[in-house]
Amino acid sequence: MNAITSNIGLNHVLAAGEPAGGAALDQVAIATGAALVLSAAISWLGMGHRSGKVPYLGRAANFTERVSGLPGWAALPAALALVSLLVALLGMYWDISLHIDVGRDPGPLANPAHYLILTGLFGIFSAGYFAICLPNERPGPTAVHLVGDWYAPVGGVLIAACGAFALIGFPLDDVWHRLFGQDVTLWGPTHLMLIGGASMTLVGQAVLVVEGTRARESREHATGPSLMVRARQIALMGGLLIGLSTFQGEFDFGVPQFRFVLEPVMLAAAASVALVSARLWIGRGGALGAAAFFIAVRGAIALIVHQAFGQALPHFPVYLVEAGCVELCGLVLARRPLALGAASGLAIGTIGFAAEWGWSQIAMPIAWTPNLLPEAPIGAIIAAVAGGLVGALLGCALRGDLPKARIARTVPVVALLAIVGIFVDGLWTTGPENVQAHVTLHDVRSGPQREVRATVRIDPPQAADDPAWLNVTAWQGGGLVVDKLTPEGDGLYRTTDPIPVSGDWKATIRLQQGRQILGVPVYMPKDPAIPAPKVPAKQSFTRPFVNDHQLLQREQKQGVPGWLTTVAPLCVLVLALAFLSTLAWGLGRIGRRNAELPPLSVPRRRERPLPRPSVPTGARP
Numbered sequence: 001m002n003a004i005t006s007n008i009g010l011n012h013v014l015a016a017g018e019p020a021g022g023a024a025l026d027q028v029a030i031a032t033g034a035a036l037v038l039s040a041a042i043s044w045l046g047m048g049h050r051s052g053k054v055p056y057l058g059r060a061a062n063f064t065e066r067v068s069g070l071p072g073w074a075a076l077p078a079a080l081a082l083v084s085l086l087v088a089l090l091g092m093y094w095d096i097s098l099h100i101d102v103g104r105d106p107g108p109l110a111n112p113a114h115y116l117i118l119t120g121l122f123g124i125f126s127a128g129y130f131a132i133c134l135p136n137e138r139p140g141p142t143a144v145h146l147v148g149d150w151y152a153p154v155g156g157v158l159i160a161a162c163g164a165f166a167l168i169g170f171p172l173d174d175v176w177h178r179l180f181g182q183d184v185t186l187w188g189p190t191h192l193m194l195i196g197g198a199s200m201t202l203v204g205q206a207v208l209v210v211e212g213t214r215a216r217e218s219r220e221h222a223t224g225p226s227l228m229v230r231a232r233q234i235a236l237m238g239g240l241l242i243g244l245s246t247f248q249g250e251f252d253f254g255v256p257q258f259r260f261v262l263e264p265v266m267l268a269a270a271a272s273v274a275l276v277s278a279r280l281w282i283g284r285g286g287a288l289g290a291a292a293f294f295i296a297v298r299g300a301i302a303l304i305v306h307q308a309f310g311q312a313l314p315h316f317p318v319y320l321v322e323a324g325c326v327e328l329c330g331l332v333l334a335r336r337p338l339a340l341g342a343a344s345g346l347a348i349g350t351i352g353f354a355a356e357w358g359w360s361q362i363a364m365p366i367a368w369t370p371n372l373l374p375e376a377p378i379g380a381i382i383a384a385v386a387g388g389l390v391g392a393l394l395g396c397a398l399r400g401d402l403p404k405a406r407i408a409r410t411v412p413v414v415a416l417l418a419i420v421g422i423f424v425d426g427l428w429t430t431g432p433e434n435v436q437a438h439v440t441l442h443d444v445r446s447g448p449q450r451e452v453r454a455t456v457r458i459d460p461p462q463a464a465d466d467p468a469w470l471n472v473t474a475w476q477g478g479g480l481v482v483d484k485l486t487p488e489g490d491g492l493y494r495t496t497d498p499i500p501v502s503g504d505w506k507a508t509i510r511l512q513q514g515r516q517i518l519g520v521p522v523y524m525p526k527d528p529a530i531p532a533p534k535v536p537a538k539q540s541f542t543r544p545f546v547n548d549h550q551l552l553q554r555e556q557k558q559g560v561p562g563w564l565t566t567v568a569p570l571c572v573l574v575l576a577l578a579f580l581s582t583l584a585w586g587l588g589r590i591g592r593r594n595a596e597l598p599p600l601s602v603p604r605r606r607e608r609p610l611p612r613p614s615v616p617t618g619a620r621p
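Numbering of the sequence shown is given in this note's numbering, commencing with residue 1 and proceeding in unit increments.
Think of the hints as simulated: they come from the structure by calculation, not from any bench.
Under the rule of at most 27 Å between Cα atoms (straight-line distance), these lysine-lysine pairs were calculated in the DSS-like manner:
1. K526 x K557
2. K538 x K484
3. K557 x K534
4. K526 x K538
5. K484 x K534
Can you make the complete structure from the sequences, with help from the hints?
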């Protein structure tokens, strides 16, 4: 732990003096070399197993088969993928907390959290690759024919695709930083590739477990999942809930850079997709089990990141009320999956919204406010109903009873378009309209570790009369302070906690009201790498509100050609659509258990006729 603390301290010392673009070429070379070595190692294991010359992979698969009851080609990759995903998840939240507390990285190899992320993502890809290599016979009727007598389980293909999609995000992220600077937002396109690829691994893992369970039932004439398989199902659906909830990470830490209405929308969508699919796939109690797994894992990660590593605390929702809503709806509608999805979504968007409102008042860094009404509950209901329908189809696919192709194709497209529409509306913001802050600072501590309290008068007062949030945020100086401004009347506000305004700290007054997300700098250090001048914390000053992202994302490069800012995100979007199409293909392939399937016989090469023996001249044939 001392080594970890020392590394974090080094990051803090170096962050302001490091370049704000891509990684140094020597670090790129080291990372590339390590990736090649690891790729060669897993290739040796996998192809060695296929040839029968390397026994280690097969021995490990046999052991996991004895423990879990699933075929080794499913048991070993599923276990490896789940452990790897937990490692990557811990690394991700640690990485976010480091960026919040310290700032940008001195380099990708100088951030200890990156090692956990890369280890986890490479482990995920390896799990998919091993699942493809392990079967010595056709895993089942839905398996993918590769070459000769080599068939791969669909789940293995999906896990490998998820791991590859996420891993590609790392080099693309470095290219992104070189083109646009370090955007310092969780919702950067390449960051979403990393998060989305890792999160959707749970779908691939679930498909692999389904294929393994079917193979076991066919071989042993079993009638239901074992206790070990049931526990794995709960872990997978709880993991899916965790994965879908990572997208609201900025809200969990208290430094959102987008409108507040998007948090309840994301909560509702994540809960409805994961909990409805859990109820349908696992059965009664599945939604509550998934929520319990979510709380256990996210609670453990919060303790490790905050208590063991000493970084900013990642808060999280609990989803217990939402899980209860799904279970209650399941008592009546379990045999009507789409109706269950719609009804559960409606309950999540209303009762669940109310429950999360109350939870935000006591356990989240920024409490929900009346400014969210009525837009947020409307958006949450639409997102939850749409997510419930998607979750219902996911659950049906895992059970092997997808509805007719026309329904299975149309419903998720319409549902996803509805969610996208809500996000497009939520992302629409407007600029400042002649709003100023008259600020007076009162020293609490002077010297190199200066801390102040602030009195803030906003002009005009009505610019902040109904805010979604109004606080002073200080970050990237070795910690995080989010202090809600207390109203005194007539546009006057006061801080309650000391605000650091020295060293590498960045302190701003942040306001979100309606479609405006605004900020006023209180103190900003000089940053020659961007470059950016120092903004001093004077005893009293008047400064205009500007767009908030100009302050929180001051590392972004200016003057980037407009065509590049359009083409680059579109390229990432194309990759994401191809990735989602692959997942849809995989679910469709295993989604109809009783459908007419291709024969199990292995195609053989057409045999050439043997040459006829030569006959001597004059002899009778």
